[in-house]
Amino acid sequence: MKRAVIAVVAAVGGFAGVLGFNLGGSRAPLLRSGAPASNPASSPPATTPPTSPGGSTTPTTSAAGGSGPPPTGVRSAVGTTYQYGYGQLAVRVTLNGSSITRVATVGLQTADPYSQQLAQQVIPLLRHEVLAAQSAKVNGFSGATYTSEAYIYSLQSALDKLHKK
Amino acid sequence: MTAKPSSAPPRPGGLLALGPDESGPPARATPSAPRSPAPRPLLVDLALAVVAVGFGLSVGIALTATSRHQLAAPGGVALFLGNLTGLAGTYLALVMVLLISRIPFVERVLGQDTLLRWHRRLAPWPITLIIAHVVILTIGYAQAARTGILHEIGPLVNGFPDMGIATAGFVLMMAVAIASFYPIRRRIKRENWWGLHLFMYLALALAFAHEIVLGPSFVGHPVTQLVWSVAWAATAGLVLIYRVGLPVVRSIRHGLVVEEIHPEGPDVVSVILRGRHLERLAVSGGQFFEWRFLARGMWWQAHPFSISARPQPPYLRLTVKCVGDFTSALARLPLGTRVALEGPYGTFTAHALRTRKVALIAGGIGVTSVRSLLEDLPKGTRPVVVLRASSEDELVLREEIAELVKWHGGRLHEVVGPRTAQPVEHLTELIGDLHKRDTYVSGSESFVMSVTRLLSVLKVPQEAVHADVYAL
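Going down the list, the protein sequences come from chains A and B. For the first sequence, position 151 (counting from the first letter as 1) is numbered 151 according to the working numbering, and the numbering increases by one without interruption. For the working numbering, count along the second sequence from 1 and bump the result up by 1000.
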């Protein structure tokens, strides 16, 4: 009986300790989802406001129109939001002329922190590959097959919108 | 508590009469072996508090790992609950391992039967929680991925690191859990069930990696990762030290071999072992060891038997009733067989005494622990001893008991006859002040139960009742 009391009091104490520690702000719960896994490293800050996933072409500068055979100017599009096994993501691509100048992820949402961490690790690598290859024809990363597929799929749909091969 | 040599009880019994010259003088006086250290309940309360705090922490880190935003996402609630059940269930599994890790200071206070009872009572909780963890998380991921539950199983097992081995661990855990389910367990031989049960350690080990690598409370939280890993490593260490290391060291140090086996009564034999340094084996009267007889077909199973006398270096004696395959084989052991031991265990000792008035009640083979306990009772205790048996020749060790009772200035009653003719209620007539005494009762489960029931009717406080149940 006495030992039951000890156990209950100690367990509640431990529980309250964790909550107190968190409310104290030293380890506030991370708002993981929603925060886009942007990759600001090498690109200038975004000039476009984030478009809603699946949004259509949003020309940023005067250029573009849909008709001219080789489109010129700076323009960007957000690809289809892709549901992969552990979450969803969409890719926004910016072209200057026919070259890919910028790739960013919008609306990355994962089911669990592990998938989030994995996505955050692999997305910069994918981005790097895309910028190097100047197309969506890149290899995925093993260990992150689903994330890679989603990224490439969404990127391709964005490029399609901009009529880039 | 340490008795002076002059006030030590006599050492009756076959041990000193060993050897060819039975009528010869007793062997040289040997220093008395130390008793098992006194129990320290405060330490156990402290350990209990630490373990309980750990449970609170586990639930706490499950709650704080999920943000409100994540909860609102598809499958968010299920993913949260899956994490919570996983953490709570796994922590309770850790507690179950601790309960059977044979930590000496815990064993001395709570006793192995109590620890095993807690272990058994706790068992359904971690199992249920871990099943819930698996089911709920599969649902949660299916919701998050907007796919069917069955479709999600493949990606879950293949798409995450360490999930393959964790799944294997889960399957193993379920197999062991099903085998431990009472209606199934009682159909399995004790040794086989025990061997199967060991796979639970493997199951828990296989599951460990996925907890750390995938658990929302651990991903990106090095502190919780560290604490969780240390807790499991420490538990594994305790198991290795106290269930493997210490018994091996002790067995090697004492190097016990079977010296003599002689019958004590119908189907009852005394096994006398010879060993080294037994004067350093700290054991109290009334305690038992897990014995492992290193003979063909027997070495892999350990069985609990009480010592029927305190060590008389270089001898140690256990007395066994031959009821099963194992105990019957025991009676035919070749002399010189090596014997390994694990222990001592048991709280059926003089440490449990609360008063100076003692009643010792032994049913059948339960006499063995009462016999060795009698050697440990403080001088002037004047115990009342009741030996119960269904026939006269089943009153084994009666001469030794009589001699010790006489030395203590106590009283001995021998009650013979079937239990219908000699109901336990007769004890109140034999021992008028039973309700004022510390009562030690040993024997089969049904015998011990009937006596403890009588004592609770007499309003004897629970702390004054000390039981030693023999699984026959």
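FYI, nobody ran anything at the bench for these hints, they're computed from the structure. Here the structure is a predicted model, which means the values were calculated and not measured. There's no promise every hint is true.
[Said to hold, decoys possible] Covered stretches of chain B (chain A as the covering partner; in silico rule of three or more C-beta atoms under 8 Å from a C-beta of chain A):
{"hint": "1", "segment": "1137-1150"}
{"hint": "2", "segment": "1328-1339"}
[Stated by the list, open to error] Here are the simulated lysine to any residue pairs, SDA-like style, with alpha carbons at most 25 Å apart:
{"hint": "3", "chain 1": "A", "residue 1": "K2", "chain 2": "B", "residue 2": "R1035"}
{"hint": "4", "chain 1": "A", "residue 1": "K2", "chain 2": "B", "residue 2": "D1113"}
{"hint": "5", "chain 1": "A", "residue 1": "K2", "chain 2": "B", "residue 2": "L1246"}
{"hint": "6", "chain 1": "A", "residue 1": "K2", "chain 2": "B", "residue 2": "R1040"}
{"hint": "7", "chain 1": "B", "residue 1": "K1357", "chain 2": "B", "residue 2": "Q1143"}
{"hint": "8", "chain 1": "A", "residue 1": "K2", "chain 2": "B", "residue 2": "R1117"}
Backbone N, C-alpha and C fix where the C-beta goes; we use that ideal spot for every residue, glycine too.
For each hint, the structure was consulted:
For the segment 1137-1150 of chain B, the proposed coverage by chain A is satisfied: 6 residues have a C-beta within less than 8 Å of a C-beta in that chain, meeting the threshold of three. Restraint check on the segment 1328-1339 of chain B versus chain A: 0 residues with Cβ-Cβ distances below 8 Å, three needed, restraint violated. Proposed proximity of K2(A) and R1035(B) is contradicted: the alpha carbons are some 28 Å apart, above 25 Å. Distance restraint check for K2(A) and D1113(B): the Cα-Cα separation of roughly 19 Å lies within the 25 Å cut-off, and the hinted pair is therefore satisfied.
Taking the CA atoms of K2(A) and L1246(B), the gap is about 32 Å. The hint is violated against a cut of 25 Å. As the CA atoms of K2(A) and R1040(B) are separated by approximately 15 Å, the hinted pair is consistent with the 25 Å bound. Between the alpha carbons of K1357(B) and Q1143(B) the distance comes to roughly 68 Å, so the proposed pair goes past 25 Å and is violated. Between K2(A) and R1117(B) the CA atoms are separated by roughly 18 Å; this keeps the pair inside 25 Å, and the hint holds.
In summary, the structure is inconsistent with hints 2, 3, 5, 7 from the numbered list given earlier, while agreeing with the others.
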